[in-house]
Structures are given as C-alpha cells and as structure tokens.
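Visitor: Read off the chains here:
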Amino acid sequence: MIDCPRRQPASHRNARPAGVLALVALLCLLAGCAATPRLDDATRSAVAPRMLIGDVPFHGQRDYQCGPASLAMALQYQGVDTDVDTLIPQVFTPGREGSVQPEMLATVRRHGRIPFVIDGRFEDLLTELDAGHPVVVMQNLSLPAWPVWHYAVAIGYDLRDEAVILHSGMEAKREESFKRFDATWARSDRWAFVALPPGKLPASIGAEAALQAIGDFESVNGSAAALPAWEALARRHPERAMAHFGLGNARHAGGDLEGAITAFGDATAADETLAPAWLNLGLAQAAAGRRDAAHEALTRAAALPGPWQEHGREALERLTEEE
Amino acid sequence: MMKKLCRYLSPLLIAALMLGSLPVVAAPAPASGMITTQDALAAQGAQSDRERIHDVLAREDVREQLVAQGVDPAEVEARVAALSDAEAAQMADRLDQMPAGASVVGALFAVFVILLVTDILGLTNVFPFTR
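Protein chains in written order, with the working numbering: chain A, 1 to 323; chain B, 1 to 131.
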C-alpha cells in the first residue's frame, strides 16, 4: 500500500467522500431510488421469453423531433403513408421545443388510427409487445427537478437479459435494462400508448379505457371510420352495454337500421337500466315501422330516472300522437 | 401592449362564447334525434353543465395558446379539431407546464451541466479541467 502524500490537513481530505455521499442521497431523494421492476408470475409465463417486432421502421430523432419521429415509426408500421417532415407541423410546438402528450394522441387520430393509452404497468407494456404492437413511451431521462422529456418506441424485450428494446434518439434497437428503462419511464407516470387501426384492440386495455378511446376517435373521424372498432369491442366485451350502444349508433349512422336495432337490443339486454339504449332502440324501431316494439322500448326509456328521462317522455308522446 | 389588450378582450370573449354556446350545452341531444355515443359517455361520467361550458371554451383557449407558441396558424385548426374534449381541457389549463418530449441531445447536455457543476463544487471528478 502506498501512502498518499500529506498535502492537505486530514479534515479537508475527508470532505470529498462526504460530499459524494450527500449528493447520492440527494439524487436518490429526487429520483426515488430505482429498482428493477418485478414482473408478476402470470405475465412472465403468459408472454414469450423474447420478442422483437423486427420490421418497425426507424427514424433518427433530430433536434427536439422525438415526437414526430416516434409517431412516424408507429404510424408507418400500421400502414399509414406519412413521414417525419409531414408530422412535424402537425404535432411539434416550437414554443415548447417539443411535443405534448394530448397532441401525440390527436395526431394519431388525424391519420385514421386509434390511440389507446395503456395502463402504466410493466406487465401491460410486455403484453402489448408480445401481441406485436409497438408501444410509444414517454420517458424523463433526467431527474424530476430538471426534466428532459423524451418519446421512444418500444419494439421488443428479453426476459432473460431483463432488457427492453427501443428505437430511441439516433439509435435503432437500443437495449436498455429493465431497471434503467423503468426508472426513466416511471418519471412520466409510465405514460404509453399504442396506435392501432379500427378493428384491432390492445391486448391489455380495459373496457372503460377502450370505450373512451373509440368514442374520441369517432367524434374526430366519424362513425363510418369507427364502426370496425365498435364491432371489435362489442365482440370482446359482450357484457358491456355501452359497447353495443356505440355499435348501434355507428351502424345507424351508416344506414344499417336492422343492425342498429340488434345492437341496441343487445345493449338493453346487457344493462336494462341504460336509458339511452332503450330510447335509441325505440326510435330505430319506429323508423323501421314496428310501432308496438317502439312503444314498449320508449316506455322503458321514459320510466328510467336520469338525464335522459325527459327525452324519453317526449319521444313517447310524439309516437302516441302519430298513432 | 398586447397583454393589456388581451386583458380587456378576454372577459368579453369569454362572455360572448359562453352565451353563444349555452343552447348547445343545455340540450346535449336534439329532441327528435338519437342520443350519440359521446353524449351518453359524457353523461355516464357525470359531466356537469359547468364542465361542458369549460370544454367549449377550452378549444378556443388552446387555439390561442398554440399560435402564441409558434405553431403555424394554418395548422392550428386541424390540430385542435383532433383533440378530445378532455385533452383540450387539459391543454387549455397547462400547456406551458406540460411535459413536452424533446430529444436525447438535450439529455446529454443536461447531464453534462449537472456533472460540471458538481465537479466544480468538488463533489464529483469527471472533467479534469475543473481542477
């Protein structure tokens, strides 16, 4: 062992390690000490041990353009004909030198795909990747106090190596350890979404979140575009009255009166307290010329208390006046 | 100057919009027609009339803020139209504090600055030139 030359008094020599310790403690406090995320056993056995969606196109993310670049990768993979330069004026906000989350979702809608925000659980991320859906994730690469927000596209994982594979920054297929990735992802409250064509649903999405996502898509893109999504949702969640209700409205808007009546009927069967479903069922049956059935459905609608009761009563009155 | 003008104009604009949108707010569905999925979803979420007014105003607010943030005015209309009500309300409230995803170049620079400062303070020892 070699003795250090004693150039400084002992008290000064000890200041540096103490400072480093204090800094580490401070950083831990700021960052929330990171640990490798623990996967539940059900997910671990349900997903493939290794997954790479190899054919997701890569676009290097130029200055501040990680939003448009991530969108271009996710949209092109879903068959949308677009590129980074088209997306920049649609999503980038010069004053913020970046792209904000709501506009990332809105831009997906503009290109005819449905943005589904998934629950921020590590299991859900892996489930989506396992199902072959690239996931756009938001990360804070720095500390909460000095955030550096960043979008990347998760395209795979490896359970044995505990690594997530990302198209991120200027690097395609970058491997990031579960621990490091989760620490940066957690600082965005684990925000992530998948962009899917109408008719496809995320593997991990709950019925409520899917309803909202499809409803929002429909109000921007119209019922004809949303119809396949309602069909898929009603198939996956036959117990959800609102899924059938949305399907009924989309069919009705497309001129499919009989299909709409079937769907509204399914909605009232799934939840007989859903007043809008009885009301729309009655109006559709009246349009189809079935007065008795229409009368029965509108009576049910008018009997249910709530914000739609008045509409139900009025519709019932109009029907009886016409008779 | 612009700020002053805005301060006088904003209340007027809010009042005008509020009056203009009241009929829409009070009657979410036309009396003769079917109830739309969006209205039914909104009612399920127990959305009050006050919130509906807020949503209508929010879009106008977002439009102004995007222009102020340097977005091409020709693009603003389409960008606002693609937002859901909830997203528009979110942006109207806090566009200037929202996380905006940028790039890793910024990240490297931030880490560089932090390490440089801690180096100068003698807490870390990354860059030899700070000694």
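Just so you know, these hints were derived from the structure itself, not from any lab. Just so it is clear, CB atoms sit at the ideal spot from N, CA and C, and this is done for glycine as well. Hints may be right or wrong, so weigh each one.
[Said to hold, decoys possible] Between beta-carbon pairs, the in silico distance windows are:
1) 73(B) with 63(A): 22 to 32 Å
2) 60(B) with 209(A): 23 to 33 Å
3) 97(B) with 170(A): 20 to 30 Å
4) 63(A) with 94(B): 40 to 50 Å
5) 36(A) with 122(B): 41 to 51 Å
6) 94(B) with 224(A): 42 to 52 Å
7) 23(A) with 60(B): 42 to 52 Å
8) 44(B) with 161(A): 43 to 53 Å
9) 239(A) with 117(B): 24 to 34 Å
10) 73(B) with 314(A): 17 to 27 Å
11) 70(B) with 318(A): 27 to 37 Å
[What the hints assert, rightly or not] Where chain A lies over chain B, by a calculated footprint (3+ residues, C-beta under 8 Å):
12) 33-43
13) 66-76
14) 88-95
15) 116-123
Visitor: Look at each hint and say if it fits the structure.
Guide: Here's how the hints hold up against the structure:
1. 73(B) with 63(A): 22 to 32 Å: Given a distance of about 23 Å, which is inside 22 to 32 Å, the answer is holds.
2. 60(B) with 209(A): 23 to 33 Å: 28 Å, holds
3. 97(B) with 170(A): 20 to 30 Å: 28 Å, holds
4. 63(A) with 94(B): 40 to 50 Å: 25 Å, violated
5. 36(A) with 122(B): 41 to 51 Å: Taking Cβ atoms as reference, residue 36(A) and residue 122(B) lie about 32 Å apart, which means the hint is violated.
6. 94(B) with 224(A): 42 to 52 Å: The hinted range 42 to 52 Å is violated for residue 94(B) and residue 224(A), with Cβ atoms some 35 Å apart.
7. 23(A) with 60(B): 42 to 52 Å: Between residue 23(A) and residue 60(B), where Cβ atoms are some 47 Å apart, the hint holds.
8. 44(B) with 161(A): 43 to 53 Å: 44 Å, holds
9. 239(A) with 117(B): 24 to 34 Å: 57 Å, violated
10. 73(B) with 314(A): 17 to 27 Å: 43 Å, violated
11. 70(B) with 318(A): 27 to 37 Å: 52 Å, violated
12. 33-43: holds (count 10)
13. 66-76: holds (count 7)
14. 88-95: Answer holds; 4 residues pass the 8 Å Cβ test.
15. 116-123: That given contact holds, which follows from 4 residues of the region 116-123 of chain B lying within Cβ reach (below 8 Å) of chain A.
Checked against the numbered hints above, the structure violates hints 4, 5, 6, 9, 10 and 11; every other hint is satisfied.
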